[in-house]
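Asker: Here is how the chains run, residue by residue.
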Amino acid sequence: MNLIKPKKQPSPDATVFSGSAPLPEPLITGKQTFASITERISAIVEGKPPKGWMIAFSFSVSILLMLLGTIGYLADEGIGIWGLNNPVGWGWAIVNFVFWVGIGHAGTLISAVLHLFRQKWRTSINRFAEAMTLFAVICALVFPTIHVGRIWMLHYVFPIPNQMEMWPNFRSPLLWDVFAVSIYFAVSILFWFTGLIPDLATLRDRAKTRARKFIFGALALGWRGSNRHWQHYELAYLVLAGLATPLVLSVHSVVSTDFATSILPGWHTTIFPPYFVAGAIFSGFAMVMTLGIIAREVFGLKDFITLKHLDKMSKIMLVTGSMVGYSYATEFFIAWYGGNGYEMFAFINRAFGPYAWAYWTMISCNVIIPQLFWFKKIRSNVKILFVLSILVNVGMWFERFVIVVSSLSRDFLPSAWAYYSPTIFDIMTFIGTFGLFFTFFLLFLRFLPMVSMTEVKGVLPAADPHYKAPEEVKEND
Amino acid sequence: MTKQTLYGFLAEFSTPGDLLQAAEKVRDAGYQKFDCHTPFPVHGLDDAMGMPRTKLGYVIGLFALLGAIGGFWLQAWTSTVGYPMVIAGKPYFSWQAFIIVTFGLMVLAGAFSALFGMFHFNRLPRLHHPLFNSENFKRATDDGFFISIEAQDTRFNPAETRTFLTKIGAKNVEAISSE
Numbered sequence: 017m018n019l020i021k022p023k024k025q026p027s028p029d030a031t032v033f034s035g036s037a038p039l040p041e042p043l044i045t046g047k048q049t050f051a052s053i054t055e056r057i058s059a060i061v062e063g064k065p066p067k068g069w070m071i072a073f074s075f076s077v078s079i080l081l082m083l084l085g086t087i088g089y090l091a092d093e094g095i096g097i098w099g100l101n102n103p104v105g106w107g108w109a110i111v112n113f114v115f116w117v118g119i120g121h122a123g124t125l126i127s128a129v130l131h132l133f134r135q136k137w138r139t140s141i142n143r144f145a146e147a148m149t150l151f152a153v154i155c156a157l158v159f160p161t162i163h164v165g166r167i168w169m170l171h172y173v174f175p176i177p178n179q180m181e182m183w184p185n186f187r188s189p190l191l192w193d194v195f196a197v198s199i200y201f202a203v204s205i206l207f208w209f210t211g212l213i214p215d216l217a218t219l220r221d222r223a224k225t226r227a228r229k230f231i232f233g234a235l236a237l238g239w240r241g242s243n244r245h246w247q248h249y250e251l252a253y254l255v256l257a258g259l260a261t262p263l264v265l266s267v268h269s270v271v272s273t274d275f276a277t278s279i280l281p282g283w284h285t286t287i288f289p290p291y292f293v294a295g296a297i298f299s300g301f302a303m304v305m306t307l308g309i310i311a312r313e314v315f316g317l318k319d320f321i322t323l324k325h326l327d328k329m330s331k332i333m334l335v336t337g338s339m340v341g342y343s344y345a346t347e348f349f350i351a352w353y354g355g356n357g358y359e360m361f362a363f364i365n366r367a368f369g370p371y372a373w374a375y376w377t378m379i380s381c382n383v384i385i386p387q388l389f390w391f392k393k394i395r396s397n398v399k400i401l402f403v404l405s406i407l408v409n410v411g412m413w414f415e416r417f418v419i420v421v422s423s424l425s426r427d428f429l430p431s432a433w434a435y436y437s438p439t440i441f442d443i444m445t446f447i448g449t450f451g452l453f454f455t456f457f458l459l460f461l462r463f464l465p466m467v468s469m470t471e472v473k474g475v476l477p478a479a480d481p482h483y484k485a486p487e488e489v490k491e492n493d
Numbered sequence: 006m007t008k009q010t011l012y013g014f015l016a017e018f019s020t021p022g023d024l025l026q027a028a029e030k031v032r033d034a035g036y037q038k039f040d041c042h043t044p045f046p047v048h049g050l051d052d053a054m055g056m057p058r059t060k061l062g063y064v065i066g067l068f069a070l071l072g073a074i075g076g077f078w079l080q081a082w083t084s085t086v087g088y089p090m091v092i093a094g095k096p097y098f099s100w101q102a103f104i105i106v107t108f109g110l111m112v113l114a115g116a117f118s119a120l121f122g123m124f125h126f127n128r129l130p131r132l133h134h135p136l137f138n139s140e141n142f143k144r145a146t147d148d149g150f151f152i153s154i155e156a157q158d159t160r161f162n163p164a165e166t167r168t169f170l171t172k173i174g175a176k177n178v179e180a181i182s183s184e
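Taken in order, these protein sequences are the chains called E and Z. Using the working numbering, read the first sequence as starting at 17 and increasing by one per residue. Using the working numbering, read the second sequence as starting at 6 and increasing by one per residue.
Just to be clear, a hint being listed does not mean it is correct.
Residues from chain E shown here face chain Z by an in silico Cβ test under 7 Å; the list is partial [what the hints assert, rightly or not]:
hint : residue
1    : W192
2    : A196
3    : E250
4    : K473
5    : P481
No lab work stands behind these hints: they were computed from the structure. Predicted, not measured: the structure shown is a model, and the values here were computed from it. Using N, Cα and C, we set each Cβ at its ideal position, and we do this for glycine too.
My request is simple: use the sequences and hints to build the entire structure.
Answerer: Following this line, the structure appears as structure tokens:
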């Protein structure tokens with residue numbers, strides 16, 4: 017590097033690029049203009065789907081049908097079709113519930129928290145991350161819904177006036193969970209729809225067929241990009257982000273209280289809320305990365321979801337993955353330091369008991385693998401990132417399995433101990449929710465803009481009213 | 006609905022920068038009933054148009070507060086008066102346990118009022134608007150930057166307003182009928 021640079025003639029326009037700070041790399045590559053962004057993103061939902069879409073969609077729908085079949089059988093037969101028994105009364109269903117709720121958290125973190133922190137790189141990924149949140153929460157809600165056994169009595173969990181004058185027990189964490197997760201779902205849908213309105217108007221204005229004009233015309237609600245509207249819109253969006261931000265922390269904290277308020281060794285710990293939240297964000301970002309890499313390859317969005325985005329997501333996974341690893345260590349430390357025999361046994365049993373295989377799968381995927389994200393070579397290798405992101409979610413599923421099953425299967429009385437294994441219906445229900453998730457997700461990719469056109473346009477340099485086109489600057493230089 | 010009347014003029018500008026400067030000039034010329042239309046929010050345009058701050062925040066705050074009070078009251082009443090039951094030896098009025106649902110209902114009420122309050126202030130949804138008569142206006146959601154001045158404005162004069170808009174840099178000025 018040449019440290020002593022020849023002094024340049026001060027140009028009249030030097031103030032534009034003055035100072036030593038280098039210009040930030042562009043978020044969106046490929047010399048995009050406002051029109052090219054509209055064209056690029058809208059074309060995906062206007063043209064024919066790529067070859068693989070129909071195949072993937074048919075496959076997802078058939079798995080979804082399997083889920084519906086299993087649920088039908090469960091409604092008829094009862095939850096005895098699952099591998100649940102004493103002492104393990106919570107099995108795969110609760111594991112899957114926590115798994116799916118956790119995945120949802122990254123969408124809200126990206127859309128709400130990063131919005132408040134003015135992280136502009138979120139604009140390319142927030143739309144589909146929010147969609148992922150919604151569909152993940154739907155998948156999550158399936159499990160407690162069917163776990164009640166008598167699905168037709170589900171309305172009992174809500175405070176609805178009834179002829180028996182009964183009300184739900186608001187002191188129970190399970191009821192908090194009903195509220196936390198359903199409110200989370202409602203707020204996520206409102207947030208997502210608010211963000212969609214300007215883009216729906218774009219699709220309306222581009223619509224060629226009568227049906228599209230009608231549908232997008234109705235959904236866009238008469239949006240006309242008026243600045244008098246943008247003012248209220250921006251505030252509404254900001255407030256929704258502000259309201260969704262505490263939900264990122266609260267929802268999974270409430271889920272963790274389902275466990276933490278019980279007296280079961282291995283569950284009864286105060287570290288659960290922050291530890292669950294970190295794990296949720298960790299697994300959610302892994303899912304965003306998996307889906308993002310597929311989307312950028314299949315729909316050719318490499319200019320929008322750039323390597324820079326993947327790099328930033330890897331760093332967040334490194335941070336949250338390390339927090340999760342730290343929590344595992346703290347749990348062990350407290351089990352020893354707390355001096356409670358049952359607690360000590362629960363943790364030794366976790367690592368070396370009958371479920372040791374699950375425990376060490378979890379440790380490898382959640383603690384060791386994310387350490388690879390320290391290396392820039394790995395953070396910029398899309399294929400490796402894809403594999404790692406899937407492994408992280410495998411690990412996070414096992415984390416919930418370890419927590420739920422290892423504690424329950426070894427309770428206070430050794431005579432009650434048992435080994436829990438899932439039945440075919442447990443497995444079919446879990447795989448079925450992937451069918452549900454991907455059916456929704458593929459429909460979303462097909463019919464709604466997966467990248468927020470409005471927001472991406474807003475982060476282009478040309479969107480700044482004080483922007484000068486490069487040609488003009490060069491003339492002065 | 007038989008006679009076509011003039012809704013106003015729609016002027017197009019090339020860049021957000023041009024639009025911002027033009028909006029300042031429209032404001033300084035004393036027009037009140039005018040608007041800017043952009044595919045994304047352009048920063049600084051609120052001041053350039055001389056718009057007051059939005060009151061939406063207060064509305065959301067009020068509804069969020071009502072949500073919290075209502076939520077707490079629901080739990081306190083059902084647990085003490087509606088259906089008092091001793092569960093796990095906890096007192097009927099275990100307010101600490103009610104905080105989570107109270108918080109949740111505050112967020113829920115706030116979120117609904119944010120979206121519907123935004124609709125209220127924006128007079129949305131609406132089925133039609135005279136500006137949609139313009140074919141060119143479709144670019145307002147793509148890459149077009151527009152200023153519309155309504156004929157209802159007291160300073161509006163068909164000939165003068167048109168020359169004024171051209172003078173402040175409009176690429177083209179279109180008359181919009183209100184039908």
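Asker: None of the hints should be skipped; say for each whether it holds.
Answerer: Here is how each hint holds up against the structure:
no. : hint : verdict
1   : W192 : holds, 5 Å
2   : A196 : holds, 6 Å
3   : E250 : holds, 5 Å
4   : K473 : holds, 5 Å
5   : P481 : holds, 4 Å
Of the numbered hints stated above, none is contradicted by the structure.
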